[in-house]
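Given these sequences and hints, build the entire structure.
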Amino acid sequence: QTAGLAEGEHLFRIRVRDASWWDQKRELSYLFIIDRTPPELTVTALQGDIRQGDTGGFFIRANEKLTEIFLQVAGRKYPCYPVPGAVNLYRGLFPVRVFSVPAAYEAQMTGTDLAGNVTRTALPYRVTAREFPREIIQVPKAKAGILTNRPRLNEDAVKIKAALAERGGIQYWRGMFVRPAQGIVSSPFGIQRVYSTGSIASYHRGIDIANKEGTPVIAANAGVVLLSEELFLYGNTIILDHGQGVLTYYCHLSRRDPEKGDIVARGQTIGAIGTTGLSTGPHLHWEMQIEGVEVNPEEWLSRSFEE
Numbered sequence: 001q002t003a004g005l006a007e008g009e010h011l012f013r014i015r016v017r018d019a020s021w022w023d024q025k026r027e028l029s030y031l032f033i034i035d036r037t038p039p040e041l042t043v044t045a046l047q048g049d050i051r052q053g054d055t056g057g058f059f060i061r062a063n064e065k066l067t068e069i070f071l072q073v074a075g076r077k078y079p080c081y082p083v084p085g086a087v088n089l090y091r092g093l094f095p096v097r098v099f100s101v102p103a104a105y106e107a108q109m110t111g112t113d114l115a116g117n118v119t120r121t122a123l124p125y126r127v128t129a130r131e132f133p134r135e136i137i138q139v140p141k142a143k144a145g146i147l148t149n150r151p152r153l154n155e156d157a158v159k160i161k162a163a164l165a166e167r168g169g170i171q172y173w174r175g176m177f178v179r180p181a182q183g184i185v186s187s188p189f190g191i192q193r194v195y196s197t198g199s200i201a202s203y204h205r206g207i208d209i210a211n212k213e214g215t216p217v218i219a220a221n222a223g224v225v226l227l228s229e230e231l232f233l234y235g236n237t238i239i240l241d242h243g244q245g246v247l248t249y250y251c252h253l254s255r256r257d258p259e260k261g262d263i264v265a266r267g268q269t270i271g272a273i274g275t276t277g278l279s280t281g282p283h284l285h286w287e288m289q290i291e292g293v294e295v296n297p298e299e300w301l302s303r304s305f306e307e
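Here the sequence shown stands for residues 1 to 307, where the numbers follow my numbering.
Simulated from the structure, these hints should not be mistaken for lab results. It cannot be assumed that every hint is accurate.
Stated by the list, open to error - Result set (SDA-like, lysine to any residue): computed pairs, CA atoms no more than 20 Å apart in a straight line:
1. K212 <-> A181
2. K161 <-> E291
3. K77 <-> L164
4. K77 <-> T112
5. K212 <-> A165
6. K25 <-> R15
7. K212 <-> R255
8. K159 <-> G292
9. K77 <-> R36
10. K77 <-> A122
11. K77 <-> T44
12. K159 <-> Q289
13. K65 <-> R15
14. K159 <-> T276
15. K77 <-> K260
16. K65 <-> T110
17. K159 <-> F232
18. K65 <-> R36
19. K65 <-> V83
20. K260 <-> A165
21. K77 <-> G116
22. K77 <-> F59
23. K77 <-> L41
24. K161 <-> N149
25. K161 <-> E229
26. K260 <-> Y203
27. K65 <-> E27
28. K161 <-> R76
29. K25 <-> F12
30. K159 <-> I146
31. K65 <-> V43
32. K260 <-> G235
33. K65 <-> T42
Unchecked claim - Simulated restraints, written as ranges between beta carbons of each label pair:
34. E27 <-> V87: 34 to 40 Å
35. Y105 <-> E166: 30 to 36 Å
36. E106 <-> R61: 17 to 23 Å
37. R17 <-> R76: 25 to 31 Å
38. P38 <-> I184: 48 to 54 Å
39. G175 <-> Q138: 36 to 42 Å
40. R76 <-> G48: 21 to 27 Å
The beta-carbon is built from N, C-alpha and C at its ideal position, and this holds for glycine as well.
Listed below in structure tokens is the structure:
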């Protein structure tokens, strides 16, 4: 029982002596700390209002080392990660879904120290509206069956799920991301899509950059390759894990240079624009996810989530 002990360091010592003729003795000492004080956490929002489809986040500075820290947003738990090179500084990112209702919200932040003491803090944020246009995608007859081939689409889903299970907590990315290819944005993020076949795609989960086939595609930031193979829907696809929940997809490529497990640098050529998979013409589908949820990748081209 430690209820009567003051906070701080305590020395627990045991001495034993046997009853033999030799009068043998032994002593064991154990230093332990009583800590009943919850950690002090100072929170700074990465931004004020957050638009639908964008990325939200907070910096959290603790006065001691934490064993766990996470954000609870809209009923889902998002881990916070240590900021490289800083002491007891953590960053928590979370996706604001495209269909989030514009309103004021509260995230719940929970931090636990080495002694198991817990601090919980409500973190307010506001989601603002943005306009998402609607478009009809004319699907070539030769590719019309892709959207209705459930067995093949399920195979893609299984491969992607297995790749995402290997995500890591090491932060490879630094600073702002770069546009992964030259060309025209032919379809922006979040646009409401209906295919000419009658299939509804809900919304566009990335941006499409159109250019001639063979145009180089580069890594938007440093990361490790989680997947590099041809998928039924997305064609030749590369998925990069930038660490700490940040992923980017590069789809419909005409070629793929790195293999699974390779580490690539920001700006390194990883493939070329193509029209493989469900594609109406040469373009790159570039997608970004935060903890498995699609967000607007163009926001990361003009903002650093390190500051």
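Evaluated hints:
1. In summary, the hint linking K212 to A181 is supported, as the alpha carbons are separated by about 11 Å, within the 20 Å threshold.
2. At roughly 12 Å between alpha-carbon atoms, K161 and E291 fall within 20 Å of each other, so this suggested pair holds.
3. Between K77 and L164 the CA atoms are separated by roughly 17 Å; this keeps the pair inside 20 Å, and the hint holds.
4. Our distance criterion of 20 Å between C-alpha atoms is met by K77 and T112, whose separation comes to about 15 Å.
5. Using a Cα cut-off of 20 Å, the hinted pair K212 and A165 is violated, with the two alpha carbons roughly 34 Å apart.
6. Taking the CA atoms of K25 and R15, the gap is near 7 Å; set against the 20 Å cutoff, the hint holds.
7. Restraint check: the Cα-Cα separation between K212 and R255 comes to about 13 Å, which is no more than 20 Å; the hinted pair holds.
8. For the suggested pair K159 and G292, the alpha carbons sit about 14 Å apart, so the restraint of at most 20 Å is met.
9. Restraint check: the Cα-Cα separation between K77 and R36 comes to about 26 Å, which exceeds 20 Å; the hinted pair is violated.
10. Taken as a hint, the K77 and A122 pair is honoured in the structure, with Cα atoms around 14 Å apart against an allowance of 20 Å.
11. Annotation: proposed proximity of K77 to T44 holds, straight-line Cα distance about 19 Å (limit 20 Å).
12. Taking the CA atoms of K159 and Q289, the gap is about 17 Å. The hint holds against a cut of 20 Å.
13. Distance restraint check for K65 and R15: the Cα-Cα separation of roughly 34 Å exceeds the 20 Å cut-off, and the hinted pair is therefore not satisfied.
14. Between the alpha carbons of K159 and T276 the distance comes to roughly 17 Å, so the proposed pair stays at or under 20 Å and holds.
15. Among the hinted pairs, K77 with K260 is inconsistent with the structure: their alpha-carbon atoms are about 28 Å apart, more than 20 Å.
16. A distance of roughly 14 Å separates the Cα atoms of K65 and T110; the hinted pair therefore holds under the 20 Å criterion.
17. As the CA atoms of K159 and F232 are separated by approximately 11 Å, the hinted pair is consistent with the 20 Å bound.
18. The suggested pairing of K65 with R36 holds, with an alpha-carbon distance near 15 Å, which does not exceed 20 Å.
19. In summary, the hint linking K65 to V83 is supported, as the alpha carbons are separated by about 13 Å, within the 20 Å threshold.
20. With a CA separation close to 13 Å, the supplied pair K260 and A165 stays within the 20 Å bound.
21. For the proposed pair K77 and G116, the alpha carbon gap of about 19 Å is at most 20 Å, so the pair holds.
22. Proposed proximity of K77 and F59 is supported: the alpha carbons are some 16 Å apart, at most 20 Å.
23. Taking the CA atoms of K77 and L41, the gap is near 18 Å; set against the 20 Å cutoff, the hint holds.
24. At roughly 19 Å between alpha-carbon atoms, K161 and N149 fall within 20 Å of each other, so this suggested pair holds.
25. A distance of roughly 14 Å separates the Cα atoms of K161 and E229; the hinted pair therefore holds under the 20 Å criterion.
26. A hinted pair counts as satisfied when its Cα atoms are at most 20 Å apart, and K260 with Y203 does not qualify at roughly 29 Å.
27. For the suggested pair K65 and E27, the alpha carbons sit about 32 Å apart, so the restraint of at most 20 Å is broken.
28. Proximity of K161 to R76 is assessed by CA-CA distance (about 18 Å); at most 20 Å being required, the pair is judged to hold.
29. Restraint check for K25 and F12: satisfied, since their Cα atoms lie roughly 17 Å apart, inside the 20 Å limit.
30. For the given pair, K159 sits about 17 Å from I146 by alpha-carbon distance, which is consistent with the 20 Å threshold.
31. For the hint linking K65 to V43, the alpha-carbon distance of about 15 Å falls within 20 Å, and the restraint holds.
32. With a C-alpha separation of about 16 Å, the suggested pair K260 and G235 falls inside the 20 Å cut-off, and the hint holds.
33. Our distance criterion of 20 Å between C-alpha atoms is met by K65 and T42, whose separation comes to about 13 Å.
34. Range check, E27 to V87: about 37 Å between beta-carbon atoms, so the 34 to 40 Å window is met.
35. At roughly 31 Å, the beta carbons of Y105 and E166 sit within the given window of 30 to 36 Å.
36. The hinted window of 17 to 23 Å between E106 and R61 holds, with their beta carbons roughly 20 Å apart.
37. Range check, R17 to R76: about 59 Å between beta-carbon atoms, so the 25 to 31 Å window is missed.
38. Taken as a hint, the range 48 to 54 Å holds for the pair P38 and I184, whose Cβ atoms sit roughly 53 Å apart.
39. One distance hint, 36 to 42 Å for the beta-carbon pair G175 and Q138, holds here, with the actual separation near 39 Å.
40. Distance hint check: the CB atoms of R76 and G48 are about 22 Å apart, consistent with the given range 21 to 27 Å.
Of the numbered hints stated above, those contradicted by the structure are hints 5, 9, 13, 15, 26, 27 and 37, listed in ascending order.
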